[in-house]
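Engineer: Same order as they appear, the protein sequences are chains S and U. Residue numbers for the first sequence follow this note's numbering, beginning at 12 and rising by one. Residue numbers for the second sequence follow this note's numbering, beginning at 218 and rising by one.
No wet-lab data here; the hints were simulated from the structure. Even glycine gets a Cβ: it sits at the ideal position worked out from N, Cα and C. Treat the hints with caution; some may be incorrect.
[As the list claims (entries may be wrong)] If you want the ones that stay clear, here's a sample from chain S, every Cβ over 10 Å from chain U, calculated:
1) N38
2) R57
3) H60
[As the list claims (entries may be wrong)] Computed footprint of chain S on chain U; a stretch qualifies when at least three of its residues, placed anywhere within it, have a C-beta under 8 Å from a C-beta of chain S:
4) 226-238
5) 253-259
6) 331-343
7) 371-379
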Amino acid sequence: MTGKKILVKSYGCLPLTEDDRTVNGVNMKTFLEEVNEKINGVAIQRCYHCRKCTAGCPLAFAMEYNPNKVIKMIQMGKKKEVLGSSTIWLCASCETCITRCPNEVDIARMMDVLRETAIKDGVAVKEKNVLSFHQAFLASIKSRGRINEPFMMVDYKLKSGDLFSDMGMGISMFMKGKLSLTSPKTRDIDTIRKIFDKTKNL
Amino acid sequence: MKVSYYPGCSLHGTAKEYDQSVKAMSRALGIELKEVEDWSCCGATSAHSTNYKLSVALPARNLMIAEKGEAKEVMVPCAACFNRFKMAQHHLDHDESLKKEVEGIVGQKYAGGLKVKNPIDILYNDIGLDALAEKVTKKLAGLRPVSYYGCLLVRPPEVCEFEKYENPYMLDDIMKTLGADVKPWSYKTDCCGGSLTISRTDVVGKLVDKLMTMAREAGANCVVTACPVCMTNLDARASENLRLPVFYFTELVSLALGLQGTSTWFKLHNVDPVPLVSSLGLV
């Protein structure tokens, strides 16, 4: 080769270099390479579809594509379908998949990477309420350093438009003193805000 | 023994009874707790699901503060916080460039080496079952719990280093020491659906109903857990005809040790456990 810095592991083919990365300013990385790079662990194409992940996945019954199918779809470059699926949002990060995978493929981390990529790329999110929950959760941390559950829930309800579910449970919890409207904030809120600003990915 | 204490957001809110019972249990067993100074949220599921660096930086700030404390151990009762702390340590210990980046983001140095422990571990390994047995004043006879560990205490195994991750035993042994008739079952670490409880309640309902059905099949009359989200899901999302009372393990330890507070804590549950415990003569 030309002696230029080798960027991507070859997996049996000629290694890709800096020159191969972009052509006329267009990113030529495949979806598979992009995902593998972000996972920064075992290459997902090690998967040989034994389906232990899918068999153990508690949410597979509700998912659009099974976890092992998502791996195949990434290899086939089906970026739009994967990022637009309900699968990546219904993953509960229970880590059963990676615990049992015989090839040590970090499927749970893969789901994190796919979610983060979907957010960054502005893809239409299939399970909007799931993302709205995460956004409300993080907004509460950014504003007070901790979660204030009633305020977070109001924020979630406004973001999701789901105004009335769990009203009964909410009222009951409030009456029992479990949902305090005032709760201590982190005093060093500046560091918290700095953490959010410096790790911003949106 | 002296340990730092990281309650996390839920223990000051919906898991109030866990916080109070952990503190009562610790006082009775001679564990001195010192809350981590000016702690902040660990980020839980929402951080790692949307932003990797944020998910490391948020717990890292707390680890860095706790490291400077007197105690070399921090007790983390919430399973999600426990998991995120262990994950952050794992990433910071294995990725030097990430560590430097996070130190820059948080503005403090990360030394490493702080022991992050769940109270089950501290009770089982540091206090010991014999010491616990000596303090039991009221054996929980007639209580037939199944132990529900959930996901985040035990997985990923190389990060949590908790114990036998497909069939854990620590909580079961603790309950046996208290005199309960612990029922074995195959669902100790099957996911309850976690934070999907708000956004996809239907899915969580199915998972929790499965757990309750299996608990009943195992002959249990209650479920014992150590995670605030699992508690909320098991307690509030089960179908009417399948529900069972659910306890934090620290509530049962406090009950068996004859400590004050159990009647207050039981009132905070959704499924009232008082009919069960009073029928067994435990209150």
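Engineer: Any hints this thing doesn't respect? Which numbers, in order?
Structural biologist: 6
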